[in-house]
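*Asks:* What follows is the residue order along each chain.
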Amino acid sequence: MAEKRKKKLGIKQRYSMLTRGLGWDTTYQPMDKVFPYDNYEGIIIHDWEGWEDPFRLTMDAYWKFQSEKEKKLYAVIDSFAQNNGHLGITDARYVNAIKLFLTGVSPLEYQAARGFTHVGRQFRGVGPRVACQMQAIDELRHVQTQIHSMSHYNKFFDGLHSAPHMHDRVWYLSVPKSFFDDARTAGPFEFLTSISFAFEYVLTNLLFVPFMSGAAFNGDMATVTFGFSAQSDEARHMTLGLEVIKFMLEQDERNIPIVQRWMDKWFWRGTRMLTLVGMMMDYMLPKRVMSWREAWDIYFTEAGGALFADLARYGIKPPKYADIATKEAEHISHQAWNIFYNYTHAAAFHTWIPEKEELDWLSEKYPDTFDKYYRPRLEYLDKEEKAGRRFYNDILPMLCQVCQIPMGFTDMDDPTTISFHSSEYQGNKYHTCSHGCKDIFDYEPEKYVQAWLPVHQIYQGNCGGAEVPDVLKWYNFNLGADNMEYQGSPDQKLWDEWQAHRKKA
Amino acid sequence: MSFDLTIEPIGEVIEVEEGQTILDACLRAGIYIPYQCNHGLCSTCKVEVVEGDVDLGDASPFALMDFERDEGKALACVCTLQSDVVIEADIEEDEDSEYLPIIDYTGMVSEVTALTPDVKKIIISLEQKAEFQAGQYIQLDIPGVEGPRAFSIANSPDHGDHVELHVRLVAGGAGTTYLHNELAAGDGLSFSAPYGHFFVRKSQNKPMIFIAGGTGLSSPKSMIDELLEAGYEEKLTLFHGVRAKVDLYYQNYFQALADSHDNFTYIPALSEKKDDDDWDGEVGFVHEAVERYFDGSFAGHQAYLCGPPPMIEASIRALMKGRLFEKDIYCEKFLSKADGTDDKRSPLFKRI
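Protein chains in written order, with the working numbering: chain A, 491 to 995; chain B, 73 to 424.
Calculated from the structure, these hints are not laboratory results. Any given hint could be a false lead.
Unchecked claim - One side only, chain A facing chain B, incomplete, derived with CB under 10 Å: (1) Arg546; (2) Thr548; (3) Gly805; (4) Lys807.
The structure displayed is predicted, hence computed values, not measured ones. Backbone N, C-alpha and C fix where the C-beta goes; we use that ideal spot for every residue, glycine too.
With the sequences and hints as input, model every part of the structure.
*Replies:* This is how it looks when you write it as structure tokens:
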């Protein structure tokens with residue numbers, strides 16, 4: 491008989507030996523006063539020891555890992571800069587995706603750092619506290635590396651100079667900003683459900699994969715590298731999202747309806763925010779990776795379907811309105827691009843009418859909707875532009891009280907009718923863009939009536955002045971450079987000069 | 073060409089094909105290593121190579137650092153073997169596992185009896201006493217059939233001078249057809265054993281629920297025999313689900329055990345009771361009988377599920393609804409070649 495090997499301590503045991511006793515029950519103040527937030531959401535926890543550490547990493551090992559990641563990443567960023575990496579991208583239109591990422595997504599990493607720092611103090615269980623604190627540091631690293639990677643483009647292209655300032659003020663950036671504001675002002679368990687579960691687990695592949703493969707397809711190696719560097723942290727974040735859900739669902743059955751409501755809410759809020767990604771994939775990448783519809787099918791319908799099939803064992807149902815979101819995947823990117831085309835004079839990136847081959851690609855990817863509803867509009871707008879009548883919409887749009895997206899989306903079964911919903915609260919009427927957003931408003935109207943809606947704020951005189959240029963200056967835009975149509979923009983001129991030089995050389 | 077992979081801290085040895093990743097081999101052998109991306113990008117499946125040579129594959133430099141490569145770390149999802157290898161992985165030790173080595177046995181068939189119209193009891197007598205834990209299975213070589221077939225052992229390990237198997241005839245199945253139609257007492261048979269992680273966790277001293285479907289009765293029988301012989305004091309409840317009365321076997325055996333042991337209860341259930349079945353017991357799916365008996369509340373128990381995949385899934389849902397979760401649920405799915413691979417699963421659960 492083969493000799494049996496001597497048993498060794500498993501990694502889990504070693505970790506618990508190492509960390510045991512780092513938490514304690516307070517004595518001269520009651521625990522409920524020291525941790526006032528972890529039970530007011532109605533989540534009932536009987537045994538904090540039931541928390542399974544989703545990853546077991548000591549601080550010592552953590553610094554070692556992260557410092558090597560940084561060394562590698564900065565070597566790539568440096569060589570990208572020294573070799574004028576920006577000249578290797580497919581087309582200057584691609585940089586507009588970077589502008590959207592830097593102003594719309596990178597500040598969310600900072601918001602995440604703030605959120606995890608906060609909840610990393612609020613759980614009375616040691617396990618979730620430590621996990622949140624480590625993630626807070628990850629998120630700070632992500633925002634830093636993203637700013638450093640993309641700063642190279644800021645030397646040559648417009649619209650990249652004031653990302654944090656713009657994030658706090660610009661109308662369309664209030665969409666991602668308000669998403670995180672909503673999460674951070676919720677309780678600690680809802681925060682983890684919204685960010686760690688809905689965002690980092692269910693929807694993350696719909697955000698990062700498109701941007702990073704978009705970068706790879708379009709020759710932007712610096713962005714690809716920070717993507718890899720961040721993704722190696724993401725695994726920890728995803729397992730935290732799964733663990734918190736299992737923990738809540740297993741601790742007490744009264745938690746189930748609360749968790750279900752949060753999943754419904756944050757799934758819907760997440761898909762609304764990802765509209766920006768869909769638009770980027772279908773319209774802003776000169777070399778396309780896959781359509782938004784295809785990404786949705788792979789990453790939500792298939793991967794999310796497997797997840798929700800497993801969650802059904804806990805009595806959890808797929809998110810409410812997932813069927814509508816799937817229908818929207820046929821329309822939403824086109825409708826969003828149309829909104830931005832209308833308001834490019836008030837945006838910090840450029841829009842354009844796709845070229846002929848690009849329109850053909852969209853026709854092929856969206857055989858049921860694009861030729862019928864969207865291509866004729868784009869071709870009409872193109873004709874107008876070529877006739878010297880590039881259309882800009884000077885009327886400020888009505889915004890959804892919850893997702894803050896202009897109310898331009900249609901009923902999905904009737905794509906020529908705008909979808910309007912409204913609710914009364916304390917004698918006032920509040921507008922929402924969808925059943926999903928209306929449900930969210932109706933459950934917590936006292937929260938959403940406080941929303942900082944950019945259009946309302948402009949009309950109330952809180953945004954630099956009464957005229958559009960006043961507002962844009964308050965946004966810190968370089969008028970005529972950051973905004974307006976791509977055709978004829980300084981970005982385009984510079985790019986064309988470089989291409990001409992290259993031809994001569 | 074294949075290599076032996078030893079997995080610490082559990083000490084299990086599995087075979088890995090050339091070009092097969094460590095993660096794939098482990099998952100197929102029923103050993104769960106935590107993983108996420110399966111593409112060498114996320115580092116969830118990091119393991120330490122203690123001995124032997126490996127090819128690190130396409131591990132991202134951000135997921136597997138240079139200093140980790142120097143320290144002998146690897147990502148199981150992209151790492152392949154170049155020799156016999158010992159790894160240490162983030163696997164939880166199981167206090168109740170005896171980590172028995174797999175041994176090849178040769179024995180003689182001493183009994184072939186029909187238990188029901190489509191289930192046969194086969195007893196293989198051994199000269200060398202077989203070592204196994206109650207609930208584990210053997211890989212049986214069947215004459216004229218390519219590749220071994222898995223069968224759970226139905227007798228207690230205290231009586232390892234033979235193994236008892238319950239074999240259902242699978243329509244069109246070469247292996248079970250041979251065992252039903254050709255095999256006779258006196259024949260020689262060889263097998264290797266023991267396999268699997270389906271054994272009782274008695275160190276936790278919890279009351280146990282056994283849910284068996286059809287010939288899934290074999291493992292629970294072995295477990296219950298051993299527990300009762302050893303004087304285990306917690307309550308044991310066995311549910312056996314079959315279609316009709318004609319499919320039920322060992323009814324008298326378990327009824328006698330229940331009569332002589334206060335802590336053992338036996339509840340058979342018929343899902344497709346025939347009109348002429350002489351039956352006043354449970355009718356319906358076995359998981360429904362379990363819910364009725366425990367009034368839908370299972371907290372504080374351990375459950376052992378053994379049978380076809382739909383029965384396992386329905387039972388898991390019933391148990392979870394009654395507040396019993398993964399750490400207290402153990403299962404052995406009976407898959408025949410026709411069942412194919414599992415549906416796409418999320419990483420939410422590890423074992424169930």
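*Asks:* Would you mind marking each hint as holding or not holding in the structure?
*Replies:* Results for each hint:
Hint status for Arg546 (chain A): holds, given a least beta-carbon distance of 7 Å to chain B, under 10 Å. Proximity of Thr548 (chain A) to chain B is violated relative to the hint, the smallest CB-CB distance being about 14 Å (cut-off 10 Å). This hint holds: Gly805 (chain A) has a C-beta 6 Å from the nearest C-beta of chain B, less than the 10 Å allowed. At a threshold of 10 Å, the smallest CB-CB gap from Lys807 (chain A) to chain B is about 13 Å, leaving the interface hint violated.
Violated hints for the displayed structure, listed by number in ascending order: 2 and 4.
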